[in-house]
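S.K.: Model the full structure from these sequences, guided by the hints.
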Amino acid sequence: MATRKKSLLKVIILGDSSVGKTSLMNQYVNKRFSNQYKATIGADFCTKEVVVNDRVVTMQIWDTAGQERFQSLGVAFYRGADCCVLVYDVTAPNSFKNLDSWRDEFLIQASPRDPEHFPFVVLGNKVDLDNRQVSTRRAQQWCQSKNDIPYYETSAKEGINVEMAFQTIAKNALEQETEAELINDFPDQIRLNSENNRPGNADNCQC
Amino acid sequence: MWIQPKELMLPLALWTGEMYSKYFVMQKRRGHGESRSLGSMLVSTYDSIRNTKPAPYRIVHQTSSSDVSYEIAIGITLDDIVKDWEWLQVNLFGVLNEMENDVEVTNFTIYKIKSLFTQNNQDNTGETPDFKVKTSQFRQIFKMPEEERLVNSYSATYIESKIPRQGQLYISLNHVCFYSYMLSQEIKLIIRFAELENISRSINTIYMKTANSMTYNFTLLFNLIEAHDLIEQLNKMAIQKLMHEPESPVVNHNPLNFVRFGAKASNKPVLLRDLTARQKSEEFRAYFHLPQREIIDGKIKADIWTPYSKRFNSGEIYLTTNFFCFRSDVKDLVSVVIPMKTIKSVEKKDDGQRRYDNQIVIFTSDNVPFIFAKIIDRKVLISKITDMLSSTDIPVNRERAKYDISWSKQTALLNTFKTQFSADIKKKQELKLARWEHHFRDFGRGISMFRTTDVINLIVEGIPDKLRQEIWLIFSGAIHDKENNPGLYEDLVEKAALLKNCAVHDEIDRDLPRSLPEHPAFQCTDGIGALRRVLQAYALHNSKVGYCQAMNIVTSVLLLFCDEENSFWMLAGLCENLLPDYYEDKVVGAQIDQGVLNELVDSHLHDLHDHLENLGVIKMISISWFLTIFMSVISYESSLQILDCFFYEGAKIIFMISLQIIEWNRDDLLKCQDDGEAMLVLQSFLEGIYNPEYQVPPSTDKRKMDRPQTQTVQTLIHEAYTKFGEEITQQRIEELRNKHRRLTFRQFDIDNEKIIVKAHVQNAYFDRAELHMLLSIIREEKLALKSVQQQQQKMQSYLSEAPQLLQSPTRSGPTDVMPGGGGCGRHQAYCINFEVFHTLFLELAPWRKCVAVDIAEKLFRLTDKKGNGYLDFGQLINAFGLVCSNKSIEKLKLLFMLHLPPLLTKAETVRSRRPRPATKDDAEEAIEAEDFFDEDASESIEALPSPSDHNFEALMNSTHHLHTLAGISGNTFMDLSRTTPNFSLNSNASSLAHRTSIFYVDLPAALHGTATCIEAGQDDDHDIGLRQQGRYESIDTFSDISDLGASRITPPPHASTSAVAGAAVAGTAADQMLNVETISNFSQISDLIAATGNERADSNATDTRSLGSLGYMLDQPDEGASAAGRQNVPNMRKENFGLLWQSIIEIMDCGQDEEMKRAYENLIELGNSNMKQQASLESFTQLNFGGSGDEQPDSNGNPTTPAAEPSSKTRLIVALEEEMRQAKLKAAGETGAATTTTSGGSSSSTNNSVAWHISINQFIATALTCERIDKAFQTCTNIVEQIEQLQKKRRKCLSTDYNY
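Residue numbers (UniProt numbering), protein chains in the order written: chain A, 1 to 207; chain B, 1 to 1300.
There may be inaccurate statements among the hints.
Unchecked claim - Straight line, CA to CA, 20 Å or less: simulated EDC-like cross-link-like pairs of lysine to aspartate or glutamate:
{"no.": "1", "chain 1": "B", "residue 1": "Lys-132", "chain 2": "B", "residue 2": "Glu-147"}
{"no.": "2", "chain 1": "B", "residue 1": "Lys-402", "chain 2": "B", "residue 2": "Asp-491"}
{"no.": "3", "chain 1": "B", "residue 1": "Lys-586", "chain 2": "A", "residue 2": "Glu-68"}
{"no.": "4", "chain 1": "A", "residue 1": "Lys-48", "chain 2": "B", "residue 2": "Asp-674"}
{"no.": "5", "chain 1": "B", "residue 1": "Lys-758", "chain 2": "A", "residue 2": "Asp-104"}
{"no.": "6", "chain 1": "B", "residue 1": "Lys-544", "chain 2": "A", "residue 2": "Glu-68"}
{"no.": "7", "chain 1": "B", "residue 1": "Lys-758", "chain 2": "A", "residue 2": "Asp-100"}
{"no.": "8", "chain 1": "B", "residue 1": "Lys-586", "chain 2": "A", "residue 2": "Asp-104"}
{"no.": "9", "chain 1": "B", "residue 1": "Lys-236", "chain 2": "B", "residue 2": "Glu-576"}
{"no.": "10", "chain 1": "A", "residue 1": "Lys-48", "chain 2": "B", "residue 2": "Glu-687"}
{"no.": "11", "chain 1": "A", "residue 1": "Lys-48", "chain 2": "B", "residue 2": "Glu-677"}
{"no.": "12", "chain 1": "A", "residue 1": "Lys-97", "chain 2": "B", "residue 2": "Asp-506"}
{"no.": "13", "chain 1": "A", "residue 1": "Lys-157", "chain 2": "B", "residue 2": "Glu-518"}
{"no.": "14", "chain 1": "B", "residue 1": "Lys-758", "chain 2": "A", "residue 2": "Asp-114"}
{"no.": "15", "chain 1": "B", "residue 1": "Lys-6", "chain 2": "B", "residue 2": "Glu-71"}
Keep in mind the hints are simulated off the structure, nothing from the lab.
M.R.: Structure representation (structure tokens):
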């Protein structure tokens, strides 16, 4: 496992397909909106330097594919994540409903040390659109029920709240960082082709 | 079985005669059967070592005058051979006796047998009798069902702890089996293909490793490669089967039944030939990019005349039903594909001047001649081609239904949206076009062009836009599918357009603008519409794939150059042939290829491999590379050229390019500290790849322009070919894919198991290791091949026994999606049906010894709350966990409930009374005893004093005290000691509603109603009964029961004095009466409802609902913690109790001792006294107080589980007290009921209350007084041990006979 400098934050963006994950990432990193993004296959990746609590940290933002059949690939991206951003589309109720399963899936696959207090941030995107279908109250209630996840309503197109949301993300990720002191306890993938590895070893992990 | 008569020189060696006649001997092979003499041991060892193992019985024909004998029949079993012997007796003995000399007799016999043999073999597939014998031996030894077909067997040595064992390796469709019998030591091994994790071979040994880390080494002297390849192939088939239909094993597909020409008829088994042909065909199809269904019919050596080089090239002709193909021996020198339907004529050419013999000329419909020479079997080939031509599939022009949809097929989008090239690039394009035209002149055009290295070179340089459609279509093979299915695309488009509310369509729609947004064609409706139609049509065409992101990106590029229909067929070819399984669930094909790439990196860029592996980079980057053929990571202009090569080369180009990209960035990658850095390195490199020969006007996306240019795509492709083109072949990729397919699936299993274990680790019974074991055994059992016939038989026997089960197990599968969204798929993988549950229960659970009642079936029905015939893993844990645990009281409670109706039906109790041969003596004893007590029932004890009110209150206080002592708390107990009925009701209502929400019953409302009823009841006793019954009309029966349960808990216990409480008692009394009587027999529920005016005739519905309520009662969280948790469990009737006791005896697996008999008597008496309720109370108290007082010291001295003892005793007492309180209330209710006898319902229930019955608490309390029962039920079963035993047994092929 590679050792990471303390000034690196790994942030994963999850959510249904076409809720605006790529747009949010690009709005934040490049301050630009385009309606010409291709659907993300596998994962996309950006970095940005941010100042949090007078510290300069590099934020690694991983933008993932939203379609369900790509979910099982998550393991490769999730490991060592410091914060997970759950995005839904305020005009698509289903994308809101699926937040639950995205969150569960992340916790299962990433196996963070302290799943109860792992920092999530929920973003309700596309608030610039008129046909809103998920109310702020409903979203807030859900966030409260999940250990008070911070909630922001954003528009990647108009750049509403994006900066602020990512500031929170960075801040929470950094807190997680200091708490966990960078001990990465994600179990290494079992390598079936190596001789010494037997399935029994899978039980030895601390997860 | 008659065989071709065979001469024998030594008819007696190794055989013993069994039956004799004048001319015939029936013999038995030594070493079969019981005889353990040295001789037979040696013979069987010899048999085992010899490659062909003879059948154990045979009939030999011999005459006294001749030394030569003839083997004329063989048999696997005595019955087989006796049948033949009898035939001889009837038909031959008489005739032969009349013959004059022995020669005539022999001739006649042999003639007769030969004709019998041919007659019997006419209907057959042409297996040799030897193989038939082997097949039946295989089935017999390994107890394989008829469906499991043997492919071949090999003589092999298995090395077990350094001792070599010689025997036979049997390879069947789903298993590798090994049997050895040496010096009276028998070894059987069964390995399922689906569980193989690793297969490899050395010079003379095949190594195999299974998912549970067992390794096997078999040494083969002959046919090693054949055996290995066969194992590989069958393993691949098994895993592909797992991928697509996980529930069913590989069964024999339609045999191919073709006759191969050019090769001598082989004596190999049919199935083996079939499989080999499949294997060969696969390689062949991949090479020529032919449709899936093409199977090689044969191949033959020949030379082809290539006009462009004016010479003959040696190679092989391949024939399939629809194609005539040629491939040169020198790799890639030349190959040709000629569709049969284009062949106009086939002629022999025998010009004298030619020095080559055996030439043929084939003319295609374009009048292009193809000359082949040096064909050895020319005649056969020509006749074969003629056959083929007559049987070629002719595409049917299907009559299409007309839909009311107007659309027009979009032509290649580039025709409308022309690329604006600079003059320079335009010139280059034209130059390319000219070169292609030139090439066509020399090598031909269309499908049947000569495919040579020249064409590869042209493709590598990039196909000009105008030709892309044509070349792509030909080389991808999509053209064949298209031509075979005219009109299909239009049909699909229209059907798809009519689909409404389709989730796949939503997904597609969302991605339409996100496919190739930079191209103007996809910024308007033309492109978007065409893209939608193609994707929707494909989702309909191949529902297994449906729509997967990345397909949109690929298709949009196709649409630029090809018309809609061609794009559709190319997409189909891509998904089904070129990138197998890529777009399926979990994108498994791409995941497998990630493994392949990883291994290729290891062998070609070894220094980088470990570093990349540590960073986990390959897994991250390659998915998008594979799924979009680089189109999502490299600019569209550049990726086009890779796509050109891809359609010609297939997936191997992706690997080559990937390796090249990684190699170019070697230094930068080595410097990377984490995955992100590596991603950035590769990302910026890929974005910098450009195509100088295909520059389009500056893109609007400025981000791309910022990147410095890195490499031209031409250099990339060129370098990739020169560096890796030689070493990475299709064949190598296929081999690696086989390996990684296994590993990927194994990894899926491991991941799944981990996640499921994680989800269930908080259960009450098993720890992590035990859960893992359980999962692995479930997986194995689900894969186990079972005879369909057996299953049907079993199923039928269940159906006749328990009609209620009919609905559940026959359902198709767990269709209703479980809560939890994304996780449902993986949990479903471990859902088990009744079949598997039954097997597991009988193999693992400590209650398997129970034969009188099919406990497994009852337990399954009790646990299967959804009633869909499947248990999820959590339910299984609960069921097994309790049975295997040491919680004696709960186990007894469960056992009690399993013997209640509707689980134990009347039919069963009646039937079990009839003497059965399988029933053990004890059980019969029990029945007799029961009958005996039946008569004695009248002698009930009546003279015992009843406890006064004062006594009662004291008891309650002591209960309280005991509870606190035992540290038992919880809702139920709290409710018990509450004085305000309202409050407790409410708290109960909420908790009940919470627990039972899955039943979709409006419980809170119902309970609220009850609450008000009871409050009202304080004013008017008279009304209560009616009003309560009124409620029952309106709500579901099930909620009645839980509702009753809830309200039952409410009676204020300190109610002895106050008037208010008295009214409440009366209120609950009416309720109570209903409760006891209703629940005491579930079948009465419907009666009751009918009596109160509700005409519910659906007794089945009642049945399942009451089942649900039983399940619910079992699940009450505080089960066993206090007696109150059990109080709504209905009472038991005598017939059921008889069986229950029998089950207990069977579970304990030893005869009844005195103590148990006494307990039984006690219980019977209790039941008797329950008939007269007032009396019962007294007798009960007396009995049990005496009992428990006596028992206490005994049990305390019991060393088995001293810690658990006090609490269980406490519970016991609590149970008794609770029981008494109940009885008291009941008694009070009796008077209430007497005054309010208003409806027929109560009169009918009065009848019932007189019947013999026993309550759960009485049962548990009494049963536990028996030391042996107590002990037996407190024994914990080690599930891991049980599973390991079972696994061992399975591998060694020992089966258990269940008592059905």
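S.K.: Take the hints in turn and mark each one as holding or not.
M.R.: Evaluated hints:
1. This hinted pair checks out: Lys-132/B and Glu-147/B have alpha carbons roughly 14 Å apart, not beyond 20 Å.
2. Between Lys-402/B and Asp-491/B, the direct Cα distance comes to roughly 9 Å. Compliance with the 20 Å bound is thereby established for this hinted pair.
3. Note on Lys-586/B and Glu-68/A: the hinted pairing holds, with a Cα-Cα distance of about 8 Å set against a maximum of 20 Å.
4. Between Lys-48/A and Asp-674/B, the direct Cα distance comes to roughly 15 Å. Compliance with the 20 Å bound is thereby established for this hinted pair.
5. Only pairs whose Cα atoms come within 20 Å are accepted, and Lys-758/B paired with Asp-104/A is accepted, the gap being roughly 12 Å.
6. With a C-alpha separation of about 15 Å, the suggested pair Lys-544/B and Glu-68/A falls inside the 20 Å cut-off, and the hint holds.
7. A C-alpha spacing of about 17 Å is found between Lys-758/B and Asp-100/A, which places the hinted pair at or below 20 Å, so the restraint holds.
8. For the hint linking Lys-586/B to Asp-104/A, the alpha-carbon distance of about 18 Å falls within 20 Å, and the restraint holds.
9. At roughly 16 Å between alpha-carbon atoms, Lys-236/B and Glu-576/B fall within 20 Å of each other, so this suggested pair holds.
10. Distance check on the hinted pair: Lys-48/A and Glu-687/B sit about 19 Å apart at the alpha-carbon level, within 20 Å; holds.
11. Between Lys-48/A and Glu-677/B, the direct Cα distance comes to roughly 12 Å. Compliance with the 20 Å bound is thereby established for this hinted pair.
12. For the suggested pair Lys-97/A and Asp-506/B, the alpha carbons sit about 16 Å apart, so the restraint of at most 20 Å is met.
13. Distance hint between Lys-157/A and Glu-518/B is fulfilled; the C-alpha atoms sit about 18 Å from each other, no more than 20 Å.
14. Under the criterion of a C-alpha separation no larger than 20 Å, the hint pairing Lys-758/B with Asp-114/A is consistent with the structure, at around 14 Å.
15. Annotation: proposed proximity of Lys-6/B to Glu-71/B holds, straight-line Cα distance about 5 Å (limit 20 Å).
Of the hints listed earlier, there is not a single one the structure fails to meet.
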